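Colleague: The lines below spell out each chain.
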Amino acid sequence: MSNSLDDLYREIILDHYRSPRGKQPLEHFDISSDGHNPSCGDEISMEVEMDKERATLKNIHVDCKGCAISTASGSILAELIKGKTLDEARQIAELVKKILKGEEVEVPDSLGDLDALKGVRQFPVRIKCALLAWVTLIEGLKNYENGKDEKAVVSTEDDDEKKK
Amino acid sequence: MSNSLDDLYREIILDHYRSPRGKQPLEHFDISSDGHNPSCGDEISMEVEMDKERATLKNIHVDCKGCAISTASGSILAELIKGKTLDEARQIAELVKKILKGEEVEVPDSLGDLDALKGVRQFPVRIKCALLAWVTLIEGLKNYENGKDEKAVVSTEDDDEKKK
Amino acid sequence: MRPGTAKSKATVSTPLSRFDIQKIKADFPILNEKVNGNRLVYLDNAATSQKPRVVINAILEYYRKTNANIHRGLHKLAEDATRAYEATRTHTAAFIGGVESEEIVFTRGTTESINLVAYTWGEENIHEGDEIVITEMEHHANFVPWYVLAKKKKAVIRRIPITVCGHLDLNDIDNIINPRTKLVAVTHMSNVLGTINPVKELAAKAHARKALILADGAQAAPHMPVNVKDLDVDFYVFSSHKMLGPTGVGVLYGRRELLESMPPFNFGGEMIGEVSFDRVTWADIPHKFEGGTPNIADVVAYHAALSYLDEIGMDNIRRHEMELTEYAIEKLSRIEGIEIQGPQDIPNRGGAISFTDKDLHPHDISTFLDSRGIAIRAGHHCAQPLMRVIGKIATARASLYIYNDEADVDTLYNALVEMRRYFGL
Amino acid sequence: MRPGTAKSKATVSTPLSRFDIQKIKADFPILNEKVNGNRLVYLDNAATSQKPRVVINAILEYYRKTNANIHRGLHKLAEDATRAYEATRTHTAAFIGGVESEEIVFTRGTTESINLVAYTWGEENIHEGDEIVITEMEHHANFVPWYVLAKKKKAVIRRIPITVCGHLDLNDIDNIINPRTKLVAVTHMSNVLGTINPVKELAAKAHARKALILADGAQAAPHMPVNVKDLDVDFYVFSSHKMLGPTGVGVLYGRRELLESMPPFNFGGEMIGEVSFDRVTWADIPHKFEGGTPNIADVVAYHAALSYLDEIGMDNIRRHEMELTEYAIEKLSRIEGIEIQGPQDIPNRGGAISFTDKDLHPHDISTFLDSRGIAIRAGHHCAQPLMRVIGKIATARASLYIYNDEADVDTLYNALVEMRRYFGL
Ligand SMILES: Cc1ncc(COP(=O)(O)O)c(C=O)c1O
Ligand SMILES: Cc1ncc(COP(=O)(O)O)c(C=O)c1O
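Chains as they are written, first to last, in the working numbering: chain B, 1 to 164; chain W, 1 to 164; chain C, 1 to 425; chain V, 1 to 425.
Source of the hints: derived by calculation from the structure; they are not laboratory data. Be a bit skeptical, because a hint or two may be false.
Restricting the straight-line Cα-Cα distance to at most 27 Å, the calculated cross-link-like pairs of lysine-lysine (DSSO-like) are [what the hints assert, rightly or not]:
id : chain 1 : residue 1 : chain 2 : residue 2
1  : V       : LYS153    : C       : LYS65
2  : B       : LYS151    : V       : LYS76
3  : V       : LYS76     : C       : LYS25
4  : V       : LYS151    : C       : LYS154
5  : V       : LYS65     : C       : LYS154
6  : V       : LYS210    : V       : LYS153
7  : C       : LYS358    : V       : LYS76
8  : W       : LYS23     : C       : LYS34
9  : W       : LYS101    : V       : LYS76
10 : V       : LYS76     : C       : LYS331
11 : V       : LYS65     : C       : LYS34
12 : V       : LYS65     : W       : LYS98
13 : C       : LYS23     : V       : LYS76
14 : C       : LYS392    : W       : LYS65
15 : C       : LYS65     : W       : LYS118
16 : W       : LYS142    : W       : LYS97
17 : W       : LYS82     : W       : LYS52
18 : W       : LYS84     : W       : LYS101
19 : B       : LYS82     : B       : LYS98
Ranges of calculated distance between the beta carbons of each label pair, as one might list FRET restraints [what the hints assert, rightly or not]:
id : chain 1 : residue 1 : chain 2 : residue 2 : range
20 : W       : GLU103    : C       : GLY337    : 53 to 63 Å
21 : B       : ASN146    : V       : VAL417    : 48 to 58 Å
22 : C       : SER276    : V       : ASN316    : 23 to 33 Å
23 : B       : GLY147    : V       : VAL417    : 19 to 29 Å
Note that the structure is a prediction, hence the values are computed from the model and not measured. We treat Cβ as the ideally placed atom computed from N, Cα and C, and that holds for glycine.
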């Protein structure tokens, strides 16, 4: 059954895990957001520098202390979200949520790496690891749009995936 | 197996149950004592008139609201205790306790009816029914000897027989 | 609508054949046992029910194949165990009328469910001068926690009296449930008298006063369809062991907003969010109320009990018990000296039939019946205040369930007749 | 004397043959199961243990032959059930050093046992300014209840730190346990580090200050001989499910005078003396603390677990686990990148072996091992404060029991080596 293990740790995931994108800290940023998964101990912090004219996410820094899945998921996020508009970023995050919930969704080629997250669905307890980066991003964007200055802080309570 | 049932409800027991001794209320009494078995609801009240010169239990009245076993046990008590000294009464009560605990004891012919209580030992939950009258008597005697005027009140907590 | 009145009144002439009792009996291994030389006739169902093979096997299978501690575990057994445990929660939520899974908290039993509410909601919401309404027919489990809480808080216990027939006397209800009322705690079905109480009506009265209502479903949930949304109760509590499930499992249903607003009960693992030496946060409902390793195997097996009940159908179970109750009351009433306690109108009562003998103490009745293989209960049935009200020290109680039939009632009848002869009455 | 030091240090050269592991393995049906295509290697015993056939069968037998509600019942099943239930109490009292049966209270588990003490003894005896001493290595179950109580009462939590080796640091103990101390709550064996704590010494310190001591035996009672009289503790708590018994059963040992002086916990049936609308009295100990229908079947089956442990002998179990722990620590330490947490001196530790990989998160370790049929646990092990102290977000934990052997450790070793290759490390 190491098939399903290989499904979880696909090459793309392992690649992102070993050399995560978005490691470079930012000098200036407009959005800052921390995520925390108390039951696992996964911790993520994220900063985004906005291109205010074009309203796009110009630069992103993701720092993840966690497992391969949460690290890879954060790295995929950093790669895919860069240069996107706020709306596009939010749509991608929603797509990831759907993928992880097990909904049948088409992943456009341009977001190909997201496909690798599908393997996580066979591992219900790992779903929140994959989600963490994305809910952290969503909270950060929310704060930014609401004009709030403070840092967004997300804590996924345990066992979220067991709730309907 | 109605053998063991017949062992519990021996003829002597049924006879005492149907026509309990000591039913006659006393005009004067020196000892008064109430017993109560909350888990069964058995209730007993007892008065003793003392012959003060001879220090014997001259007359006894037992009023029992309870099952056949507690009623019969109270009736046997009324019959056996009458005319006995305080010491003798206490000794008989202790003998009954021993019988019901399952100790090997010789029952003297003069106290023959006590033998009928041996059948109760096969029915652990009924032991406290058989005991009630006797512990009520003991408390009454204690109060009398200590010169206390108030009525003795005994409440057997539940499940006594399950404790070692 | 009073619970129960929806169903047409059963008559003795209707044959008890809507489901196959012999087949059902065969599902319960213990019913083949001999007791004191006689085949067991088990009529102590209000105390605890027997368990069908599927429930026993579910425990077995769990320990043989799945056993692991739940939540947090990343290995397969832990995942399987967690899934099985949570599946029971989902099923329980459906069983009582389709509430949300998160509104179902697993406890040890009805008693713990009620105490949980008293220790958490009660502790925070009952104050000096507040009133808690109970009925005269409550089991100690739905009286003592409120008595103790009221004493501590200087609150007042008010009680709804009962009529001579054993129904709640609602004449004075608008005084009893009044603006000072904070909680109405009422049994859905009496474990002594069998009475089915008008919970829905009382819920309306309570809510009109902005009070909450907790219904004790320990005797109702096993024996009739229950829809907590239709009843409109705030809390509903019951025990697995009285409804074919294992011992050690109870249910607390609570409305989401209430559960969310309540502090936790037992503190420890599984119920926390984050813990440091200086700060502790709680998990979401229902986990907030399930501190420590729960009774995993039995919760998992309780699922099999619910499925078994569903398969037979709670409507069918209720109908069967109505018919059998009517048959039993009619038959036992014929015996000279035997008096039935509680309502005689079948649509408003369940199958817990208390009776007394004018000459014999219930303990002697029970001991005699036991010698004939018949298990009933004798005593105060954990309802001492009710005993005082009905003026009895104790009663004998035969209580019916799905595996009982007319033959069982006949055996009881014959033994009671023989008993009176035995004692020379 | 520190617990454990009495035994001579085991060495790897001693063969693990004092009892027949193959025979023991055969007693546990689940160990024949395949997980993800591999034979199950169960190394998550600190979370919950597996159950031998005799325990599973005891549940089966109970439901097939005896099932009835206990106490008060006058029929044969109820008598048999009561006797079986109380027999477990007697055995438990003997198992922890020959205390009185009445000093044993059955709960759902360690967590409930501790909460019971906090809600009853704690509620009445902890006041503003009082101090409760815990250690940095407590499970949430032995920290959060005291944290919440202290917060409510404006009492102070003081903590005994740990050394870098994972032992309690007792340098400052005479300041930490001081005249304001009312309770010392300490784990007998850490579920993360495996450390065995000097409970007896701490009991003496506590008593010298007129404070009480509660020892959390959840990890100790299953794995080593425990004598609560020798330890001189006031309360001792543990869980059946971690020592071969069913889920849903816990034990609270309390000294008689303490239990007698404490108010009850859950109110309802079985725990009362007399009840009227105006007055309620309590039953004697231990029933005072066992309100409602208990988890009868599982308490009865727990007896079989105790007998099984007795038969093997707690001394032998301890010796076996010491040898196997030494073997495992030695072997795992050889793997590059793997770091063992907790003490390395075998006589002062049990078989819960936490480890980390310098490159891999414990969750990935656990998921990988699971794919090879090996069940371990990864996470904070309900000891988040300890995790902060040792500077880890989480650890992987392999925990041993009587049915584990060198082959299991070898399988773990090989899988870890393979894992590092798999992740390209
Ligand atoms: C040291 C310790 N204390 C307390 C507990 C809690 O035990 P339970 O979950 O059985 O209540 C555990 C087990 O998780 C433990 O290891
Ligand atoms: C009406 C009622 N309420 C509460 C209880 C208590 O249930 P448990 O003992 O399962 O906690 C019972 C059962 O004895 C009952 O019949």
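Colleague: Hints first: check each against the structure and report whether it holds.
Modeller: Each hint, compared with the structure:
| no. | hint | verdict |
| --- | --- | --- |
| 1 | LYS153(V) / LYS65(C) | violated, 46 Å |
| 2 | LYS151(B) / LYS76(V) | violated, 68 Å |
| 3 | LYS76(V) / LYS25(C) | holds, 20 Å |
| 4 | LYS151(V) / LYS154(C) | holds, 24 Å |
| 5 | LYS65(V) / LYS154(C) | violated, 48 Å |
| 6 | LYS210(V) / LYS153(V) | holds, 19 Å |
| 7 | LYS358(C) / LYS76(V) | holds, 25 Å |
| 8 | LYS23(W) / LYS34(C) | violated, 41 Å |
| 9 | LYS101(W) / LYS76(V) | holds, 20 Å |
| 10 | LYS76(V) / LYS331(C) | holds, 25 Å |
| 11 | LYS65(V) / LYS34(C) | holds, 9 Å |
| 12 | LYS65(V) / LYS98(W) | violated, 33 Å |
| 13 | LYS23(C) / LYS76(V) | holds, 25 Å |
| 14 | LYS392(C) / LYS65(W) | holds, 11 Å |
| 15 | LYS65(C) / LYS118(W) | violated, 50 Å |
| 16 | LYS142(W) / LYS97(W) | holds, 17 Å |
| 17 | LYS82(W) / LYS52(W) | holds, 14 Å |
| 18 | LYS84(W) / LYS101(W) | holds, 24 Å |
| 19 | LYS82(B) / LYS98(B) | holds, 21 Å |
| 20 | GLU103(W) / GLY337(C): 53 to 63 Å | violated, 38 Å |
| 21 | ASN146(B) / VAL417(V): 48 to 58 Å | holds, 51 Å |
| 22 | SER276(C) / ASN316(V): 23 to 33 Å | violated, 40 Å |
| 23 | GLY147(B) / VAL417(V): 19 to 29 Å | violated, 54 Å |
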